[in-house]
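Those sequence lines, one after another, are chains A and B. Reminder that position 76 of the first sequence reads as 76 in our numbering, one-by-one numbering, no gaps. So the mapping is simple: our numbering equals the position in the second sequence, first residue as 1, plus 1000.
These are calculated hints, taken from the structure and not from any lab test. As the structure is a computational prediction, the values presented were derived from the model and not from experiment. Don't take every hint at face value.
A few chain B residues that face chain A, going by a derived Cβ cut-off under 10 Å, partial list only [stated by the list, open to error]:
#1 A1052
#2 S1105
#3 H1148
#4 F1152
#5 M1153
#6 R1156
#7 M1261
Note that CB positions come from ideal geometry on N, CA and C, so glycine has one too.
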Amino acid sequence: MAALALMAAARLLAHHSFAAEFDAAKRVTLKGTVTKVDWRNPHIYVYLNVKDENGAAAEWACEGGPPNVLLREGWTRTSVKEGEEVTIDGAVAKDGSKRCNSRTVILADGRKVFAGSSEDNAAGRGGKP
Amino acid sequence: MRRLKKALGSALLGALSLAVLCPASRPARAQWLNYPTKGTPRTAEGKPNLTAPTPRRPDGKPDLTGVWMGVTKYMINIAADLKPDEVPFQPWAAAEFQRRRDTESKDDPSAQCLPLSVPLRQTITSPFKVIDVAAKEEMVMLYEGSRHREIFMDGRPLPKDPEPSWYGYAVGRWEGDDLVIDSIGFNGKEWLDINGHPTTEALHVVERYHRIDFGHMSLEITIDDPKAYTRPWKVKESPRLLPDTELLEAVCENNQDPAHMVGK
């Protein structure tokens, strides 16, 4: 358990600058069905089929951490499965595309998965000179 | 029989509860993610003793071999522990650094999966492995997403007028119990961190590693790049050992970020 705490404390982020791509101030909550989990480097992606209030469906791509970071935190490529209903809360892409950087991914039974997002560390980074 | 079934049922429920609380039971298939490392000093409970004394080579020098994880805040800002005016930028370098901050590091070469600077390799979100090949007078450092480094310990000089490169040229020596590594011959394209502290072809990086005990290292990095900075400057970091694990593969095969990194 101590090892897991150590890994959780080292919640780590992507190599890239979060803020060049995602807007921390523009949050989105997406509720939908997982169509695909892409467990590849440098970042995993959870693809979601999201229906709006009119029933129109749109596909969103939500970026998560690097697979190896998630593995060391105990997550695997099957922690979220195709067909599952999930709720993803994250920051929206700055270029208007249907992409988000996941902050939390919550399964239908309320369990949180993939805890840890590049935004957390982006907020804590050193300031301008 | 019924009591046994009940006991088994409770045990199963307990195991399932544990599976719910802990994200996943250790995936034994994942490239030795969890595998006991030979020679690890252990407590009575069998856990790695991270404060055991530093292991030593037969010649008495510290053995730095191990899988180590750097500190993420230095990946974002190598100068995280310094005051802003403690980084002695040349004027052009200060302006370029500001431009990189103002554009949210959208031009970061590491975001293109290009090779990382020496400081970045030791601070990114994945571990590095030091292997002391004492019999061959070299140290080898392995990484998950980066090419390895060979640090030659045989007394050879650094090359004069080296071909500029991504990976540089490294030699090392012992100063007491400190491993000191000098690296030159870089191409100036790498950033020292995500925030974008610049480098040039004049970069000379000095790393001083000191293994404090089994699980802890101190690392002092000196950035000596007269074209980018008016004098050398130092930062102090503290990698920690990841016991009972190995490096994992990290192939940059699905890089979607660059197409969407618009900046501010």
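*Out of the numbered hints, which ones does the structure contradict?*
Result: hints 1, 3, 4, 5, 6 break, sorted rising.
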